[in-house]
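Asks: So you can see what is in the structure, the chains are spelled out below.
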Amino acid sequence: MLADDSVLLREGVARLLAEAGFQVIGQAGDADELLRQVAMHQPDVAIVDIRMPPETDGGLRAAREIRLAHPRVGVLVLSQYARPSYAFELLSDSAERVGYLLKDRVADLDALADAVRRVGSGGSVLDPVVVSQLVGRPRQGHDALENLSEREREVLALMAEGRSNQAISERLVITERTVEKHVNSIFAKLRLPASPEDHRRVLAVLAYLRA
Amino acid sequence: MKVGGRLALGLTAVAIGGAETALFLADARNAFSAVEVLLSLLAGWSFIGSGLVAWARRPENRTGPLMVLVGVTFLAGLLNAAEHPVVQTLGAWVRPLHLAVFMHLLLAFPGGRLDSRLARGLVVAAYLDLGVLYHAPLLLGDEGVGRTLSEWSFAVGAAVFLAASALLLQRWRAGSRAWRRAVAPLLWTGALALALLAVFNADQFLSRPVRAVPMWAFRLAFIAIPFAFLAVLLRVRLARASVAELVVELEEARPSGSLRDALARALGDPSLTVAYWLSDQERYVDLEGQPVELPADGQGRMATMVEREGRRVAAIVHDRALSDDPGLLRAATAAAALALDNERLQAELRARFDELKASRTRIVEAADQERKRIERNLHDGTQQRLTSIALALGLAESQLSSDPRAAGVSVRQAKQALETALAELRDLSHGIHPSVLTTRGLGPALEDLAYTAPLPVTVAAELNGRLPERVEAGAYYAVAEGLANIAKHAQASTATVAVACEHGRVLLRVRDDGVGGADPTRGSGLRGLADRMQALGGTFEVDSPPGRGTELRAAIPCE
Numbered sequence: 005m006l007a008d009d010s011v012l013l014r015e016g017v018a019r020l021l022a023e024a025g026f027q028v029i030g031q032a033g034d035a036d037e038l039l040r041q042v043a044m045h046q047p048d049v050a051i052v053d054i055r056m057p058p059e060t061d062g063g064l065r066a067a068r069e070i071r072l073a074h075p076r077v078g079v080l081v082l083s084q085y086a087r088p089s090y091a092f093e094l095l096s097d098s099a100e101r102v103g104y105l106l107k108d109r110v111a112d113l114d115a116l117a118d119a120v121r122r123v124g125s126g127g128s129v130l131d132p133v134v135v136s137q138l139v140g141r142p143r144q145g146h147d148a149l150e151n152l153s154e155r156e157r158e159v160l161a162l163m164a165e166g167r168s169n170q171a172i173s174e175r176l177v178i179t180e181r182t183v184e185k186h187v188n189s190i191f192a193k194l195r196l197p198a199s200p201e202d203h204r205r206v207l208a209v210l211a212y213l214r215a
Numbered sequence: 003m004k005v006g007g008r009l010a011l012g013l014t015a016v017a018i019g020g021a022e023t024a025l026f027l028a029d030a031r032n033a034f035s036a037v038e039v040l041l042s043l044l045a046g047w048s049f050i051g052s053g054l055v056a057w058a059r060r061p062e063n064r065t066g067p068l069m070v071l072v073g074v075t076f077l078a079g080l081l082n083a084a085e086h087p088v089v090q091t092l093g094a095w096v097r098p099l100h101l102a103v104f105m106h107l108l109l110a111f112p113g114g115r116l117d118s119r120l121a122r123g124l125v126v127a128a129y130l131d132l133g134v135l136y137h138a139p140l141l142l143g144d145e146g147v148g149r150t151l152s153e154w155s156f157a158v159g160a161a162v163f164l165a166a167s168a169l170l171l172q173r174w175r176a177g178s179r180a181w182r183r184a185v186a187p188l189l190w191t192g193a194l195a196l197a198l199l200a201v202f203n204a205d206q207f208l209s210r211p212v213r214a215v216p217m218w219a220f221r222l223a224f225i226a227i228p229f230a231f232l233a234v235l236l237r238v239r240l241a242r243a244s245v246a247e248l249v250v251e252l253e254e255a256r257p258s259g260s261l262r263d264a265l266a267r268a269l270g271d272p273s274l275t276v277a278y279w280l281s282d283q284e285r286y287v288d289l290e291g292q293p294v295e296l297p298a299d300g301q302g303r304m305a306t307m308v309e310r311e312g313r314r315v316a317a318i319v320h321d322r323a324l325s326d327d328p329g330l331l332r333a334a335t336a337a338a339a340l341a342l343d344n345e346r347l348q349a350e351l352r353a354r355f356d357e358l359k360a361s362r363t364r365i366v367e368a369a370d371q372e373r374k375r376i377e378r379n380l381h382d383g384t385q386q387r388l389t390s391i392a393l394a395l396g397l398a399e400s401q402l403s404s405d406p407r408a409a410g411v412s413v414r415q416a417k418q419a420l421e422t423a424l425a426e427l428r429d430l431s432h433g434i435h436p437s438v439l440t441t442r443g444l445g446p447a448l449e450d451l452a453y454t455a456p457l458p459v460t461v462a463a464e465l466n467g468r469l470p471e472r473v474e475a476g477a478y479y480a481v482a483e484g485l486a487n488i489a490k491h492a493q494a495s496t497a498t499v500a501v502a503c504e505h506g507r508v509l510l511r512v513r514d515d516g517v518g519g520a521d522p523t524r525g526s527g528l529r530g531l532a533d534r535m536q537a538l539g540g541t542f543e544v545d546s547p548p549g550r551g552t553e554l555r556a557a558i559p560c561e
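Just so you know, the protein sequences line up as chains A and B, in that order.
Residue numbering for the first sequence follows the working numbering, starting at 5 and increasing by one per position.
Residue numbering for the second sequence follows the working numbering, starting at 3 and increasing by one per position.
Just chain B, same shape as in the assembly (with noise of 0.2 Å):
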């Protein structure tokens, strides 16, 4: 409803409530007192009033329209004191209702919405019971069947209103403290008023001649309701003014973590957390660097982004009930957007630490598996052969004078194990570290991967001179662990490395065409590539969709 229409509303409360006045002045039956009268009045005008303001504040909350329908319904309840037999009647089917309403409205705060299948029985039951039920006398009598659905229609509406107020208390004792402190005078008011209508309508049942409880102590707890949803609103008002509190904070030298516990205060809600956005890895991390998961939709906590000059910097994981108030939430991350992104910097500075002193004890845990594995080849194979010559060599001596033909056979195997020996020296130490590479550069080195590969490799080499040696070592041993991988997993027909020299960056990129499906994350060869290109200030990265080939791709900066 646009503000005119609201207005006009507005209006036609203050018209109804004028039309009463001069209806009651001119009283034939004196019906009411005029303090009844202007307690009237004051009651359905604040809720009147109190609709109104909460309507233009939050118009897609229907708390603001109900609070209107139950100042009108309660209102035009009084027009039942009426001569006219037309506007008396319809006073007095309307005056009841507005009990049905006013339940509606404590029900469905604070969202506007009823959010349960028992609440929104007990709405619509109250809705039957008070427009329906209790006029039964109206249309079948006052005697026998109608009389006797009357009195039962204050059963019905002592138990609804029993159960709403229980409802109540359950969602009180069921909220977070943020919760509870931002409505606790309208739920406990609420609850009052609704179990007072219970016992008010047990009585009527019971038709008891003393009732247990005056009508008066109900209609003060009614008249409190509208006063008690003020309250709230200016406890939000009040906290509010905490976000100024909160910028004055900011503004304060703060020990890191005292950011969080700010926030915290000035939302009300101690369980809040924050989360800071890496980017780069694109995961949230808390203060100390480590990994945080967001929380899910539709649990107890929600998380709200905060960006600043469109980046995102953190997320506030908070308790649902803050999202009740989303412009206090705005005000308090937009004052701590700036706070949050520094906070942020340190959170990636002990993300990258920590990613960096991981990546370090690999390189160290590679080369020390690297010296165990030419330790074992030494040892395995060099050293056993040496000493197998140096027996042949022995046996040969001793054989000399006294066999010599048989000197000459243990000769002939002394000299075969060493060539076999030789051989091995010498794929142990190109292994170790490519004598090419060192003396002719990255481009023949890679020819010669190529050259002893099994399986076919182009080589498509175009760097002008010399690199960096660690620039190039670091490239050829990315190719030769993405050519080392491909033939043990790729079951690829041929292979495809391409270097290229580019603004100060070499461009490794090795292709397969084999069956893709390479985790980057698991096996100790990929993980130890991507821990020495990053280790040369690189990046490195993994493209292998299942059945379509392998790309390694990794970029080094040379200068």
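So that you can see chain A by itself, here it is in the shape it has in the complex (with noise of 0.2 Å):
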């Protein structure tokens, strides 16, 4: 399922998703569309852009919406803008089968592959550059983050895009028990409380990195 009020996006983007082995069920132009259409097939992800008429965020209001209906359709949003804020209102309640994405990344057809995949399995998905601003900023008074390793604010960075252990097994090419370490290193340095879900992990890490 794909709203975006650009047809040549959406074509595109459609396209892209197609040759990568997805079934596009259905296009929307508009967020009314969009509502009428995830309602009709409840498709399995519904890829939203957040600049929807007539408001600028009118993607975002559809997101939430389709979340609130339709808790089983999961909601990956695109969207322009890097800033952390968006991401924290699309991600507060729940981050489960839920994803913000910059929209560039429809030019890296693997990335948005797994993106969809992972919101679709009921994972949680967050743009590398958001992250990357959260755990990068600069913080008050004693920041924890500097007792992490190198390693770990990878680990950590790679939690809150939204990765499964073995995702990061994979993509920093250690093993998934060595992945483990890490976290539990991570949450205890941090003081989390240990989650075994995955969203509510990003949950708790978003969390900490917002405060």
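Because the hints were derived from the structure by calculation, they are not lab data.
Please note that a few of the clues may not be correct.
Derived contacts from chain B toward chain A, CB cut-off under 7 Å, selection only [what the hints assert, rightly or not]:
(1) 13
(2) 16
(3) 371
(4) 417
(5) 421
(6) 428
(7) 430
(8) 441
(9) 450
(10) 453
(11) 458
(12) 462
Cβ atoms here follow ideal geometry from the backbone N, Cα and C, with glycine treated the same way.
Both chains are sitting in their own frames, so use the hints and assemble them into the complex.
Replies: See the structure below:
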């Protein structure tokens, strides 16, 4: 399910996704059409442009309505805004079946396909650019992040992006055991309660980074 | 001296005169003619009478007492016609002294004080000459040294009186028009009298058989002095009458600027100017709204403050001589206070208008600058990159059939360039107007600012709902500019941003713990911010003591 007010972009993304083996079951040019089609088709994932008429953030509203009305439908929001506010807003209630990706990523088919898959399978996605802003920003007083090793910071960033231990281990080319060790160490150092589920973990990490 | 004291003194003077009259009537030696007695009494009493009047009007001014002293010493000197040896000796000693007091009086006019070293020296010399040297024969005998000293006392007298006369003329020359006008009769008569005295002394010293100037000429000038003094007083009264004219003039409709002319006429000072006080800017301006500096103390000019209902309204910059008559100044400024206040409002309006024009120009210039910056970024960044993408894609197209591998490399390059271009566009559009500000309002937009600031920033936003768009934008850019300044100049370790809505105003505070010393009048950033806040009807302050951080405060009305 694809919603974007720009026909060109919508068609382009649809073609890319079809290429990657996805089935695009509907396209919408505005929020009302999107909500109607989602209700009708109940897709695994709705990909929504944040900028949707009539408002500049119409896509975000539509995304929230979908999540309220159809909790089984995953929502991936494409945004041209790299600042964290919108992302927090989207992920604030629950990080399950939801993603916030910069629109630039559509050029990277693998990244886009990966994000759609993760959202569709109940996970969360947060764009690396947004995460790096959060991890990299200076903090007041004693910064517990400074206690993390370089590797632990990388793992933290990947966790914030919503990746599973397995994905992290593949990305960093280490064993899943090692990833688990790093994760436990990070949670201990940041005094965060350990969460087994990936999407809860994302929320805990984001809450920490946001503070 | 109290009124009673002065009355007693006046009565004493009358008593002395009475005693002398009795003395002359019973005069055995026939030293004076009846006319001479009458003229002498007239002269003495004139001095004492005018002196007492002056004393009563200006108790702090020594002119009055000095005039009384001239009269008393003059009358006492006449006692040397008495038969009693002690009274006679006393009279003989005091008699020449009245000339020294007389000179003292003239040199001390109008303030009652000797204001130069030369004047003080001359007065001391005159007292010594006429009080001691002149009487050398009394102590040392009529012949020999006593006689020589006595002769020389005339030479000293001639020199001192001549110098004093010259000093008066010099003062006349140096004085302003207003001053000359006020003191003309006294100064001229005084200078003439002193010059005559000098000539008389020279005659005595040279023992000429025929005097160049008869003594009666001096006596005439001497007697004229109290009347000249009265004339000066009268002129001041006339000046008071001109205040009445001023009041009438103020009642009539006037073109702006004629108030100054009216004041200048009333106070007799054509050089007079008016400076209007702008209380909110704490400076003086002229009618055109241009800044004016008041003259420093100790110059020929001075400023008199005009207040109305306890508020400072204006300052009248005038010749120092006018301060000789503070009553006149007070009367004139009191009469003109209301009119001055009206003109002050005009001046304030003009000053505001000029300020507004300047700030509007700066805002337009800032907008132009911003447009140029965006154009440059688009042209140098995005456009260049898009061109290179077109080139890479063109290359890929031509390579497609001959060398598919090379074509793949070109396409990858094009894709990378495209990603960079997109990131640049994103930053650029955010810099122009952040979308979060439009959609979510000031609080979230400020938090985003804090996330991307290069130092830890704490944001405390206490806002109930959304504010008018221009207010949110104004507040956002104020904080953005403040944080950018902190990042650039403050060398701070943390910063805090506080926003609250109180009594229909948004109050902003951006504080850091850096080096301070920021100057809001320099640097286009703070200046532009001040303009922006003013354009929103708000206020803007910078508090930046060196070494103790910087605090920007702004208040924007939001109703």
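Asks: Identify every previously stated hint that the structure contradicts and give their numbers, smallest first.
Replies: Numbers 1, 2, 3, 7 and 12 - these are the hints that the structure violates, sorted from lowest upward.
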